[in-house]
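Peer 1: For reference, the chains in residue letters:
Protein chains: 2
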Amino acid sequence: MADINIVRDQLPGVTDTVYLNTGTCGPLPLVAYEAMREEMSHDLTKARIDSDHFPSLGRKRNEVREAVASYVGAVPSEIAVTSSTTDGMYVAILGYRWQAGDELLMSNIEHPGGMVPSFLVKRRFGVRVKVVDIGLGGGDPADVVAAFERAITPRTRMIVISHVSYTTGAKLPLKELVTMAHAHDVLVVADAAQSYGPVALDLHDIGVDAYAGSGQKWMCGPDGTGMLYVRADRVGDFEQTFVAGGTTMGTLDYFGGSYAPALGAARFDTAGRNTILTAGQAAATRWISSELGKDWVSTRVQEMAGLAYEELSRLKGVTMVTPKEAVAGLIAFNVDGISGPDLSARLAGEHGVTIRYVTKYINNPEAARVSLHYFNTPEDLGALTEGIQSIQGTL
Amino acid sequence: MADINIVRDQLPGVTDTVYLNTGTCGPLPLVAYEAMREEMSHDLTKARIDSDHFPSLGRKRNEVREAVASYVGAVPSEIAVTSSTTDGMYVAILGYRWQAGDELLMSNIEHPGGMVPSFLVKRRFGVRVKVVDIGLGGGDPADVVAAFERAITPRTRMIVISHVSYTTGAKLPLKELVTMAHAHDVLVVADAAQSYGPVALDLHDIGVDAYAGSGQKWMCGPDGTGMLYVRADRVGDFEQTFVAGGTTMGTLDYFGGSYAPALGAARFDTAGRNTILTAGQAAATRWISSELGKDWVSTRVQEMAGLAYEELSRLKGVTMVTPKEAVAGLIAFNVDGISGPDLSARLAGEHGVTIRYVTKYINNPEAARVSLHYFNTPEDLGALTEGIQSIQGTL
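In order, the protein sequences belong to chains A and B.
Just so you know, the first sequence maps onto residues 1 to 395 in the working numbering.
Just so you know, the second sequence maps onto residues 1 to 395 in the working numbering.
These are calculated hints, taken from the structure and not from any lab test.
Bear in mind that the values here come from a model prediction, so they are computed numbers and not experimental data.
Careful, some of the hints might be misleading.
Treat identical chains as interchangeable: a pair holds within one or across any two.
[Unchecked claim] Derived DMTMM-like pairs: lysine to aspartate or glutamate, alpha-carbon spacing no greater than 20 Å straight-line:
| hint | residue 1 | residue 2 |
| --- | --- | --- |
| 1 | LYS122 | GLU239 |
| 2 | LYS122 | ASP237 |
| 3 | LYS175 | ASP205 |
| 4 | LYS46 | GLU34 |
| 5 | LYS130 | GLU386 |
| 6 | LYS294 | ASP3 |
| 7 | LYS360 | ASP342 |
| 8 | LYS46 | ASP16 |
| 9 | LYS122 | ASP140 |
| 10 | LYS130 | ASP253 |
| 11 | LYS122 | ASP253 |
The whole structure should be built from the sequences, with the hints applied where relevant.
Peer 2: The structure is reproduced here in structure tokens:
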């Protein structure tokens, strides 16, 4: 992979704005658009009822599984097709066979996608949810692991943790956490919304039990797509919560009141019933995986994020929130005298630069947040820093 | 509504085949296609990250709620946006606060969309699932109601029932069942896959507690769309199972471990995170609801189904399965000497006529099945009966 302009030509959305918010939604590549357009024409002009209708949906879901697996260091049977990171989180969290009094640990810098299903099992199954304070998620990785280990009791069953925090941007020591958790027979369910895409992943090496990501963010797929990885030997640790076509096998035993779940992680599919979205997700995923490659992508993200960190740090009146030693693709910061919402609105309105802000929960920072992905350029950063300085001049 | 040819011109899919399988997927109307195309172009060329991104998703979901509500005799706050009938069934069935030993009743002619979530609560929560044999679902409606009433015990909490059976095609006496069930303080969750669209509905009059339908079948929307109606005063009888953007309100109480569900049935949304699908569903639903109207649609369905029943009954060697007094839009039948799968394959391959077949579960009939919708014509029926006779001639 070489010429960034050739890559950007495949992403018309990146010319609509200075695109610094992939953490919400990435730009759609032309290959995905074309795949979707083809399916949409088919849906209009062809009867969606030929004998290949359902088999073709199944094949398309398997194409997604293959493309995702090759990007994250997994095998296709470990991948479920979902409609969002949150889908995957609730499937994994609600899927555990909770007993009243069981405990679930999560960090203080989680997204509602991990928090709300945790509160749901608290409410529905009497699970105790404990919040482990790891500050901004930076510092010595051993301290993060130790904080969780101290909170583990004989009743602890699961750790819910972001691989990269959506507020502070910190990349957490997932592999080390998993090793520690498994030593205590505790499962780890990870929110990969901000890591699936920008971080070169080898999930078998990390060893995590469940890992839920979005299709529309760093993978640049259609909205309403996602994936859930469940480690092959942990599939049986989770019950199905949702059941639909393709998630069960063969004929139901009607009077026996039983059925067999589909083999592997396909039993956890929550989406993939629309060929437009599934074809778009498969095409976008194949493109980033095969054409760009996870090593090129993650290296480029590191370069651009490093540069952004440096340039933002140099600005007067800017305080960095993201711990420097834990940067992935997100950088959170504050500008003296202007709130995150105001900065976002003015950068968009006056400078054509799209970023976002994160809102304060009790133990989360309030901040402006920029996303750096492989298609971003030094010029994008120039527009950002000039915009900030211009706004500072008018404060 | 008058000229059927003008209506058919809006549905290019109906010229691809003799379209007699709406019960699987309907043809997509041009207005829905255009709405989807517009959203797809926006996704390609515009950054999907402006400040209106999430509010616009919420507005589109509300457009779906409004269009659906006006078609089924409900109010928008009673409608959840889902991705399938099965979505709605599992949300309602898993959402009940089951205690071990509680009982759930279902008929012998249910679809896996109602059966599998029932077996899931059996497995996960120790619920007893009892099958009530109502034969083909025809005969005196009072007998159907009585069969269920005899099965009710003090532990019965829920009846799971199709409004129109996908195998026998029988329209069941839902209103009478609901009246009886409510007298015993039992909830009724209905599978509307084969009734939402072809049957003129007034859900407030029927009184059903939860009613789950598909977008892509009789409503002719995109695949992967659906709706769940939950009666306003029963929303609180169901817990959330899935939680995503828009299904909760405001800020989570992080350390308190709690949150507030969204108002009304919106808390049960499982889909609506893709503007292409949501815009397509809203456009297709508005079209059938406002341009065609449920009275015209249901009258036309009755006419066409009546005609189909008559013409099929007249054929030698054809045995009707659907009880004549309970016909809605589906007609199931068998042809001597040729199985449903073979008949479907030969009608499609040799005569350009698309029907489907239903498979035998223990207490369900095996049969060929045709769907009659508003866009079907006497010519479609001619092609069907000629095809059958031609195949009979070669047996």
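Peer 1: I want to check one pair: LYS122 and ASP140. Are their C-alpha atoms no more than 20 Å apart within a copy, between two copies, both, or neither?
Peer 2: For LYS122 and ASP140, the Cα distance exceeds 20 Å both inside one copy (31 Å) and across copies (47 Å).
Peer 1: Pop the pair LYS294 and ASP3 into one bin, within, between, both or neither, using alpha-carbon distances up to 20 Å.
Peer 2: Classified as within; 16 Å inside a copy, 56 Å across copies.
Peer 1: Is it within, between, both, or neither for LYS122 and ASP253, if the alpha carbons may be no more than 20 Å apart?
Peer 2: The answer is between: 13 Å across copies meets 20 Å, while 33 Å in one copy does not.
Peer 1: Treating 20 Å as the Cα threshold, decide for LYS122 and GLU239: within, between, both or neither.
Peer 2: Classified as both: same-chain Cα gap 17 Å, cross-chain 13 Å, threshold 20 Å.
Peer 1: How would you classify LYS122 and ASP237 at a CA-CA limit of 20 Å: within, between, both, or neither?
Peer 2: Intra 19 Å, inter 18 Å, cutoff 20 Å: intra and inter.
Peer 1: Given identical chains, is LYS46 near GLU34, meaning Cα to Cα at most 20 Å, within a copy, between copies, both, or neither?
Peer 2: Intra 18 Å, inter 16 Å, cutoff 20 Å: intra and inter.
Peer 1: How do LYS130 and GLU386 come out at 20 Å by Cα distance, when the copy is not named: within, between, both, or neither?
Peer 2: So LYS130 and GLU386 fail the 20 Å test inside a copy (43 Å) and across (69 Å) alike.
Peer 1: Should LYS360 paired with ASP342 be assigned to within, between, both, or neither, using CA atoms and 20 Å as the limit?
Peer 2: within (15 Å within a copy, 62 Å between copies)
Peer 1: Within a copy, between copies, both or neither: which one fits LYS130 and ASP253 at a CA-CA cutoff of 20 Å?
Peer 2: Classified as between; 13 Å across copies, 41 Å inside a copy.
Peer 1: Could you figure out if LYS46 and ASP16 sit no more than 20 Å apart (CA to CA) within one copy, between two copies, both or neither?
Peer 2: between (34 Å within a copy, 6 Å between copies)
Peer 1: Using 20 Å as the alpha-carbon threshold, which applies to LYS175 and ASP205: within, between, both, or neither?
Peer 2: This pair counts as within: shortest intra-copy Cα distance 8 Å, inter-copy 57 Å.
The structure fails hints 5 and 9 (numbered hints given earlier, in ascending order).
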